[in-house]
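Participant: Let's have the full structure, built from the sequences with the hints guiding it.
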Amino acid sequence: MRHLARPLILAAALAVFGSTANANSLRFAESQDIASMDPHAARDDFALSLLCNVYEGLVRWNADLKLEPALAESWEVISDTEWKFNLRKDVKFHNGNPFTADDVIFSYHRAGDPGSPFAGLLEPIDEVVKVDDYTVIFKVNRKYALLLNDFAGWYIMDKEFQESIGAEKPLDLSSNAGGAMQTQANGTGPFKLVERSPDVKTVLAANPDWWDEKKHNIDEIVYTPITNNATRVAALLSGEVDFIRNAPPQDLERIEATPGMKVMRGPHLRTIFFGMDQQSDTLAGSGVEGNPLKSPLVRKAIAMAIDAEGIMTSIMRGNSNPVATQLAPQMPYYDAALDVRFPFDPEGAKALLAEAGYPDGFTLPVHCPQGSFINDEQICQATAGMLAKIGITVQLNMVPPVQYDTGLPGGEYAFYMLGWAGLPTIDPYNIFSATVHSPSGELGAWNPKGYSNPAVDALIIKIGEETDPAKRQEMISEVVKTQRDEVGKIMIHQQFLTWGMTDKVNAIVPGDEYTRFWYYTMN
Amino acid sequence: MITLVLRRLGSVLLVMLIVAGLSFLIFNYLGDPVNNILGVNATLDERDELRRTLGLDQPSYIQFWHFLERAVVGDFGISYRNRVPVLELILSRLPATVELVVCATILALGVGIPMGVYCALRPKGFFSRLLQIIALIGISIPQFLIGMLLILIFSVELRWLSAFGRGDVVQFGWWSTGLLTETGRMALIMPVLTLAVFQISMIMRLVQGEMQEVMRADFIKFARARGLSDRSVHLRHALRNSLLPVVTVVGMQIGSLIAFAIVCEAVFQWPGLGLLILQAIEYADFPVMAAYLALVGFGFAMINLTVDMIYLFIDPRMRRK
Amino acid sequence: MNPASALVVRDLSISFDSRHGSITAIDSISFQLAKGEILGIVGESGAGKSLTGNALIGLLQGPGRIAGGEILLDGQRIDNLPPEDQRKIRGKRIGAIFQDPLTSLDPLMSVGDQLVETIRTHLPLTATAARGRAMDLLAEVGIADPAKRFGQYPHQFSGGMRQRIVIALAIAAEPEVIVADEPTTALDVSIQAQILALLRRLARDRGTAIMLVTHDMGVIAEIADRVAVMYAGRLVEIGPVDEVLRAARHPYAAGLMGLIPSLARREARLPQIAGSMPRPGHWPQGCSFHPRCAQAGPRCSAEVPVLASVAASTVACHLFSGGTALPKGT
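Protein chains in written order, with the working numbering: chain A, 1 to 523; chain B, 524 to 844; chain C, 845 to 1174.
These are computed hints drawn from the structure, not numbers from a lab. It is possible that some hints are incorrect.
Cut-off 25 Å, straight-line C-alpha distance, at most; resulting in silico cross-link-like pairs (PhoX-like, lysine-lysine) [as the list claims (entries may be wrong)]:
{"hint": "1", "chain 1": "B", "residue 1": "Lys-744", "chain 2": "C", "residue 2": "Lys-936"}
{"hint": "2", "chain 1": "A", "residue 1": "Lys-294", "chain 2": "A", "residue 2": "Lys-449"}
{"hint": "3", "chain 1": "C", "residue 1": "Lys-932", "chain 2": "B", "residue 2": "Lys-744"}
{"hint": "4", "chain 1": "A", "residue 1": "Lys-169", "chain 2": "A", "residue 2": "Lys-92"}
{"hint": "5", "chain 1": "A", "residue 1": "Lys-449", "chain 2": "A", "residue 2": "Lys-481"}
{"hint": "6", "chain 1": "A", "residue 1": "Lys-262", "chain 2": "A", "residue 2": "Lys-215"}
Which chain B residues stay away from chain C? Per the calculated CB distances, all over 12 Å, these [stated by the list, open to error]:
{"hint": "7", "residue": "Ile-541"}
{"hint": "8", "residue": "Ile-549"}
{"hint": "9", "residue": "Thr-566"}
{"hint": "10", "residue": "Gln-586"}
{"hint": "11", "residue": "Arg-645"}
{"hint": "12", "residue": "Ile-664"}
{"hint": "13", "residue": "Leu-702"}
{"hint": "14", "residue": "Gly-774"}
{"hint": "15", "residue": "Met-825"}
{"hint": "16", "residue": "Ile-826"}
{"hint": "17", "residue": "Met-832"}
{"hint": "18", "residue": "Pro-839"}
All of these numbers come straight from a predicted model, not from anything done at the bench. Beta carbons: idealized from backbone N, C-alpha and C, even for Gly.
Facilitator: Next up, the structure:
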């Protein structure tokens, strides 16, 4: 074991009470640690939201969530199936290795080969051809609109370094090799890893050789996972950390009332909704014949019975935005004209139920995650109360996320809460393909037995291929409108991000929840 | 004696086997690690492929058998979450928990026993009554609340102690200790106190009750009649005889401290086994859970063995030729 | 006062304080104990025998306290000494033996250690010297192979052996007086005789005065020099054992002696006298025995009889004091 050979090492100071030197140290606490420093280890936005400071893709999202060149200086579409990328020439990895086309090709195979977690993301790519050290051509297997979006979430690693530590594969649960990426990282990003003790502390330092113009003034980022919400807030209030992402809703007032503290808010790309089984012929446990959820009238009745404004004020304490469609206003191709909710109208809902043949209502089994989304349990409970008023008896099942994320795509739930943000693609296509398209193959994985409309399915495929923004807008609005009118999902709201920090920190709060520290400054 | 130890070690192995076996049975109900390993955007094929690779598509008993096959050679698999060998992972987290539990036990004994003795000797005194009230409160308040109260007072208000973490640690091989650094010792204060409050109260009440009982025994009266000093009567005779049941209960309590430590470690972000298992459960990290449960079974059995040994040491009646 | 008296008890009263006031449990008893003498104290349970014994060794418990009178050890008053001085007398000058040898010894400490502990508490000896003395004591009380037995624990000894060890502990510092409270009651008959013989020998060889509390008349007959009979917290008769056994004067004492079991046929215990002894706080006026006394007269229920000499004995009964309840000779 590596540990046994390790000599007596004094771990560096935790810098608990104030930073030691004049250096700007941003002490950052989060509810969990990232599983690994490997950006290909999982398609896990939580990990990538931090690793985006260490690694970079060919392109990246800027502060306004617009794509901009990163490791690729420029690109051109040669044909429907060929994209040429001109790589940036002055880029060095943190260990000093130069960044070249070989690293891009290595990273493609590492992330995209069968068995790797990113194989699905990179699936449109057939081959990456090296033209010279700073030019590569990606050959895609079909006309594909979202290559750039996908590339923003696929990070480039150093071929030579990865081979030297024996971590050529991202997912190797049969040998010890995967452990190498626990404590090591070699990227090109604005911050480099200087110390890491998994689940305890991760220290990043500013990369002095970063290719981009440095706008931040942070010298060091000390990242500490603090699992318990109350402790994390206490750590902020006691001045032991400067910044906590996702401050618990119940503590926001306390943080804001503390001198020298503030809460920065921002809309999240994630919208929360109920999905449901619209395919089965019966609804187990409903007490009625057939499957009421197949009826658009019933679905609309449920939608009209839910008071999203009430949930916003009483449960979310104002930190949400009721929406009518799955596209948050900050999502590209959002269409405000379509974002009109069915009126909150329990009487009308009752009438619709009666019209659909369920004047006495029915019993609805509802599954709800415990802690996947902000206040998920309370929202489900409130929903149960609201549906009771129109005669639908909700049988509520609370499920831990780790089971929920298995049961939901497994089609075990008839009526379930789900949130989707469209990450890391930040395009409606990601939302549609995962949660709107009929379940088939790789599509509709999070829409089991759910909404299904062949016309919509066809549109979704085209949205994935079409590159012309105007045409995409038209098709996307069509999908949104159709699904809304047919009540494919029952929409609740868009979550707000609430980040707590000291006044010293100037952060940006982007809708994808990523902490892009290179935009941060400290007073 | 050696037979006893050997027989006990045999039962320890059995306990570990049963615990690990049971854990495999319940894994099926704990969720699917594949989602966490691959992320929500992973495709169905990727999930199935990984499930096959990990052997999760096989029945529990086959998985358990594979686990055993590897476990006998010291290979508990690779953590799904941390991606390092489970044994290495557990060993790296073990010192933090051991340090916490041992310090809490020492504190509980060091404070609980004298308090119990005091209350037994002066059951009606003002200070005794005060201690008894404090003990009652200590037993009643949930540990989580004690921890949060301490954090609010000493971290948020007074800013004396760090609300989380272990401070600086010194590494000796695979063992790490916070006892040798200032920040490490400071970091121990609140978690140890949180963990010990219940134990202090319990040991105090136990010692008090037992000792009051023993003080009524004939041999105490006879010890007095022999003219022994109060100190000798109280400590050498009464206390020693009171400690027999205390040893049993304390042994069981140390076992339960491992469980209590989970809450305490979560509150103070103490990087020990408790935090590890919480994260493992959240992640459905089966190899870590199986190894942890087997290890806890081992720990409990070893504590029982130690209690038996201590019994032999202090009670001559238990020794057989 | 008899200069040879090891122990003098004079007008000793013991009371229990409770919320309802003070209850007298021992009412003004007096007796003496000469060096080398064995004084048996007999009476039914609750008569105050053990209470008296506890008072002598300074171990009155709970709410009980000495309410009057004095206890003199070798002419020196000890009942009013500070607790620490009383402790120094316990074990050193007054030894004690309790009823149950099974529970008198600390089960967790070897008998040798208990002996050494006791010896070194009272005598300025080194550990080695104390150990030697402990061996000698074990030998003296008849424990074979003391060197081997020294490190053993109480549970490794039989009941009789344990009582021998208790006796060894009691005489560890060569006390002048031993208070033995039912020392043989818990033992087998065959063992009883051995223990009694051991006590007898101690009194004879060492000149130790022994106050032997018992309700077993057979034991009294076996070894006591004098016997004192207690009833409801009072001494009713005290005299040489032969005289009291042969011709007890006090009607209660006489009833008690009515049937003296020998050690050979000791299945009979205290012979029954009709009625039962009143508990402290419920004593009748006058002689507390009068409700059960066949010879009681009007005076008996009015006046507490005082001790008066009758031949070699002293008796507290109106039958034998000046103005009698009934004419003499009837």
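Participant: Determine for every hint whether it applies to the structure shown.
Facilitator: These are the hints, each one checked on the structure:
{"no.": "1", "hint": "B:Lys-744 to C:Lys-936", "verdict": "16 Å, holds"}
{"no.": "2", "hint": "A:Lys-294 to A:Lys-449", "verdict": "10 Å, holds"}
{"no.": "3", "hint": "C:Lys-932 to B:Lys-744", "verdict": "15 Å, holds"}
{"no.": "4", "hint": "A:Lys-169 to A:Lys-92", "verdict": "22 Å, holds"}
{"no.": "5", "hint": "A:Lys-449 to A:Lys-481", "verdict": "20 Å, holds"}
{"no.": "6", "hint": "A:Lys-262 to A:Lys-215", "verdict": "22 Å, holds"}
{"no.": "7", "hint": "Ile-541", "verdict": "36 Å, holds"}
{"no.": "8", "hint": "Ile-549", "verdict": "44 Å, holds"}
{"no.": "9", "hint": "Thr-566", "verdict": "70 Å, holds"}
{"no.": "10", "hint": "Gln-586", "verdict": "50 Å, holds"}
{"no.": "11", "hint": "Arg-645", "verdict": "15 Å, holds"}
{"no.": "12", "hint": "Ile-664", "verdict": "36 Å, holds"}
{"no.": "13", "hint": "Leu-702", "verdict": "33 Å, holds"}
{"no.": "14", "hint": "Gly-774", "verdict": "18 Å, holds"}
{"no.": "15", "hint": "Met-825", "verdict": "25 Å, holds"}
{"no.": "16", "hint": "Ile-826", "verdict": "22 Å, holds"}
{"no.": "17", "hint": "Met-832", "verdict": "16 Å, holds"}
{"no.": "18", "hint": "Pro-839", "verdict": "4 Å, violated"}
Going down the numbered hints, you'll see the structure goes against just number 18.
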